[in-house]
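Throw the hints in and build the complete structure from the sequences for me.
Protein chains in written order, with the numbering used here: chain A, 1 to 358; chain B, 1 to 358; chain C, 1 to 358.
Treat the hints with care, since some could be wrong.
The list cannot tell twin chains apart, which means a pair is met if one copy fits it or any two copies do.
[As the list claims (entries may be wrong)] Restricting the straight-line Cα-Cα distance to at most 27 Å, the calculated cross-link-like pairs of lysine-lysine (DSSO-like) are:
hint : residue 1 : residue 2
1    : K3        : K62
2    : K279      : K169
3    : K279      : K302
4    : K246      : K62
These aren't lab readings, by the way, just hints derived from the structure by calculation.
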Amino acid sequence: MAKLTEIGWEAFSGLALEAKKPYLEREEGDGMPYHTLFAQQFDRALLERLCALANRIRFINKSKEGALYLKNVLAHKRAMLYFSQPSSRTFLSHLAACQILGLTTGSVRDAATSSEFKGESHEDSVRTFSSYFDMIIMRSPEQGLAEKMAWELSNSERPIPILNAGSGKDQHPTQALLDIYTLVRSFETKGGLDGRTVVFCGDLMRGRTVRSLSYLLTNFKGVKQIFVAPQELQVPADVVMVLAKKGVEFEVADDLKSAVKIADAVYMTRIQDEWDESKGASAKIDTSRFKFGAEELALLGKDGIIMHPLPRRDEIATCCDHDPRAMYWRQMRNGMWIRAALIASVFGFEKSIMDCGY
Amino acid sequence: MAKLTEIGWEAFSGLALEAKKPYLEREEGDGMPYHTLFAQQFDRALLERLCALANRIRFINKSKEGALYLKNVLAHKRAMLYFSQPSSRTFLSHLAACQILGLTTGSVRDAATSSEFKGESHEDSVRTFSSYFDMIIMRSPEQGLAEKMAWELSNSERPIPILNAGSGKDQHPTQALLDIYTLVRSFETKGGLDGRTVVFCGDLMRGRTVRSLSYLLTNFKGVKQIFVAPQELQVPADVVMVLAKKGVEFEVADDLKSAVKIADAVYMTRIQDEWDESKGASAKIDTSRFKFGAEELALLGKDGIIMHPLPRRDEIATCCDHDPRAMYWRQMRNGMWIRAALIASVFGFEKSIMDCGY
Amino acid sequence: MAKLTEIGWEAFSGLALEAKKPYLEREEGDGMPYHTLFAQQFDRALLERLCALANRIRFINKSKEGALYLKNVLAHKRAMLYFSQPSSRTFLSHLAACQILGLTTGSVRDAATSSEFKGESHEDSVRTFSSYFDMIIMRSPEQGLAEKMAWELSNSERPIPILNAGSGKDQHPTQALLDIYTLVRSFETKGGLDGRTVVFCGDLMRGRTVRSLSYLLTNFKGVKQIFVAPQELQVPADVVMVLAKKGVEFEVADDLKSAVKIADAVYMTRIQDEWDESKGASAKIDTSRFKFGAEELALLGKDGIIMHPLPRRDEIATCCDHDPRAMYWRQMRNGMWIRAALIASVFGFEKSIMDCGY
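Spelled out as structure tokens, the structure:
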């Protein structure tokens, strides 16, 4: 373990992601993150511990007694949800995770309110929040901001943990955690995730979820990745490079049906036209062959699953919604459980929850 | 009892309101609603049970011990307040009802945030909320939406109850409940609501509260209804038809003073000019004779009460505010208690609260 | 003690601040405020009791058991945060104070939502809130509104306390409380606040914090006040008059460095150009000599402290932020503790918290 108080900002920000990891861990040395900034902080052991804890929390929460036990775990803490880039879905998921553990919350979630803080530096705003709260869950359009704030807070007189709920185009670590949790859980009683084939389809160029999940999958043995997308939206070279370097089997393709036939999991994504450089650019791309409907459903194996980070447009036909292999709603709910597991761990309650009598 | 899982949407939505009622009840068979969609779900027996429970909750909440008991009743549940049609008054009332029972809440209550969900179907949005919460309290300008969502949720893998906090022009069932509760409570120790005369005055054409309350009053014996309004804003024909068909005594009038003289309750309403078909249309109507002031107060019997769903403009002069017969502020607070009673019942806690030692 | 129910609004509002004080106290006669409207309600004895209680709450909150004890103190109460003049910083501080004591909260904090209430009178809005909540914490651009509402509520059928979180240009009493608490706490183990020299610097004309703090400091013996500002922004005559009348030593100056040399506390403030009568007027004033940087830091005594109500622009150089004498972040956090102390006292829990076993 290394300490953020023992390294300057310039030096820290210049490190490779893997080298940053030890600086972000809890001082208690249990390997759990203190600040949660990027998917690369999670190795297989950590992922499995978090999945196990999420399962445990989900189970405990089924009974009223269990739910009340959980609501007491962090009832002495308060979290600030600072969403300068609004997203109700992600907001509500984190909120629910906090509520399950009894954390009370404050929030800034609309542009108008958060603009008040524009007169002051980000550093001052975050110091303000740290005056009143015990954790900051933040979402920002500004790449790298969560990382900077984590360093600042750790070097302040009142260090509190940062949980990155999406910053800029690249990092959204808890989305990656919930995707992994969904995969792990889906194959839990069927031999596990090792050796599976995961198909990514849609806008693979701009989806930060694809980028993070692809990386995290390299923690598992023999998981083959197939990227199915229109040429203009294919997975970026740097993602492929990581896979090649790690010796992971992968394929770049453009035929969804063929891929579905051999898929254990199909991860559909939305065209992210909000990132279009010129308005309407995405509309010119023919995406008709990159949708999951009745025909694809018929081709999917009986243990196969369909995932989507949501919201969807028409990438998955609604006729698939009630199929037991449609995992996207449960995937969303999984986000709440894995976030609760993460937050509990950040505050050092992994063990007591795992060992509690419920 | 019937099940929403055993009837298609087309068939269900085509039923008469009375025929829909059994589909909306709790599976446990205690007659309480699971989904709360329209006033017609409540018959006299149910209204009296809810009023009794509201009285009980109000009483228990007086002591700190009682309040803490109540806060534990639903402490293991979370409610989503989804207000795509903003209304702080109704929002706060439902919020307070949740808080009394210990429910934690999430919310979307402004147009800007809720517009995020416009990219996806209503069905997907509501499924999203059902991933994180145990109940959805929704208000929407779209007529029939709450009903559709209730059917969708009951047919999903994660059914949760819907509470309609106002949809479109026609239904706002909990407003009707609080009006009935106020009437029942006001005459509780004075011989009850049967045989009373209720005067409605103001914009009777467009107020959904009048429509619902008029209907619910038919559950009581011999309640006479007098509708006092300018001709252009008189009660719609279909409301009158229901009364005629049920053999309820009613009168359509235009002299408030005469009506007040024989009234047990005067229900004043605001001109709802937000529904004007051409801007300013309401302003051309002479409403000067349909206001309650010092003169009307002098004419009202000593046990008579004055009600208003609020907010008011000038329909009731402020000189009436401190008169013991002015019931409108208490009426608003009654809304909180009856909503708490309803929510507790939806989750099956009617009996345990009625029987608790507080 | 006097009662608001025994004095008319005209008579009450015409009283001098000091004469209003007894009308705002708790009926129980412990001298604590029921309504908190202006800084002049607090004399030295009251300030010291609140500071002691804030210290106690801060200490109790350190352990999980203590924090859970505190969360139970007002768990049976609900507070409404009505911020028609948005301020996330003040909002979050009051929210956190409520949460520490277990109060659940509702809020209106954006202009759009609060505009809904514009159709009705302020009196009706506040009566609405009093229907659902047990306390109103309000911030408003309208001078005197909190006072009017306090009188109205005390004369209603459901009186609940008002806490003024800033109204108009003049009063923001809890800001003054946190400033005093910060001073008291900083000199607690160093001989106390009596006899100290406090330097105010910046925009002394328009800052309501300066006005209130200057007044409260007159409660302490021999505290000298030095006002350092550009001529156009110097402290108003009426503030100086109060000091002169009370025989308090003060100085009006324009050289920050000289003042810092003899200061025990330097209270920096931001240029409040939002109150400029013509746009950009403040920008023409030379404020370069009224900033605290490395040079000033070098001149400050080793026990001296630097304060700022925040947010800052460039009045204090960031190079001062980690100096142990920089008190502004702790000052912000102090706001949370002193507000919790005040709220607990309003509800009569001062003694039970002081005497509890934690």
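So, going through the hints one by one against the coordinates:
Proximity of K3 and K62 under a CA criterion of 27 Å is satisfied inter-copy only: 24 Å between copies versus 39 Å inside one chain copy. For the homomeric pair K279 and K169, the shortest alpha-carbon distance inside one copy (18 Å) is at most 27 Å, but the shortest distance between copies (38 Å) is not. In this assembly of identical chains, K279 and K302 lie within 27 Å of each other by CA distance neither inside one copy nor across copies; the values are 41 Å within and 59 Å between. In this assembly of identical chains, the alpha carbons of K246 and K62 never lie at most 27 Å apart, being 40 Å within a copy and 47 Å across copies at closest.
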